[in-house]
Amino acid sequence: MVLGVSPDGLESHQKFREKYDLPFTLLVDADHSISEMYGTWTEKTNFGRTYMGIVRSHFVIDEAGILVAAAYNVKADTSPENALASLG
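The numbering of the sequence shown is the numbering used here, which starts it at 1269 and goes up by one.
Misleading hints may appear alongside valid ones.
[Said to hold, decoys possible] For each label pair, taking beta carbons as the anchor points, the in silico distance ranges come out as:
| hint | residue 1 | residue 2 | range |
| --- | --- | --- | --- |
| 1 | 1339 | 1317 | 25 to 33 Å |
| 2 | 1287 | 1349 | 16 to 24 Å |
| 3 | 1276 | 1311 | 14 to 22 Å |
| 4 | 1315 | 1355 | 36 to 44 Å |
| 5 | 1313 | 1352 | 26 to 34 Å |
| 6 | 1318 | 1349 | 30 to 38 Å |
| 7 | 1356 | 1320 | 31 to 39 Å |
[Stated by the list, open to error] DSS-like, lysine-lysine: derived pairs with alpha carbons at most 27 Å apart:
| hint | residue 1 | residue 2 |
| --- | --- | --- |
| 8 | 1343 | 1312 |
| 9 | 1343 | 1283 |
| 10 | 1287 | 1343 |
| 11 | 1283 | 1312 |
FYI, nobody ran anything at the bench for these hints, they're computed from the structure.
Yeah, the Cβ is synthetic: ideal placement off N, Cα and C, and Gly gets one too.
Working from the sequences, and respecting the hints, build out all of it.
Structure, rendered in structure tokens:
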């Protein structure tokens, strides 16, 4: 099963899912509780401005609920194949 997690709202998720024809569920993490638990809600800096934001990451959790792989600062185009590679 694949899940996406973002602090964006439900309407934003629906548009994003339709735009990219995503075949998986996107979860709303409005209070950042999931992101904080996985260490992806972090301080970022852009053009000298500091703010809190998401670090694009992927996690592979096996059928027993064990975290078998974690990767931070991933690229959207290579993350899926890298996550799959961690399975075997």
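inquiry  = I'd like to know which numbered hints this structure contradicts. Please list them from smallest to largest.
reply    = Per hint list: zero violations.
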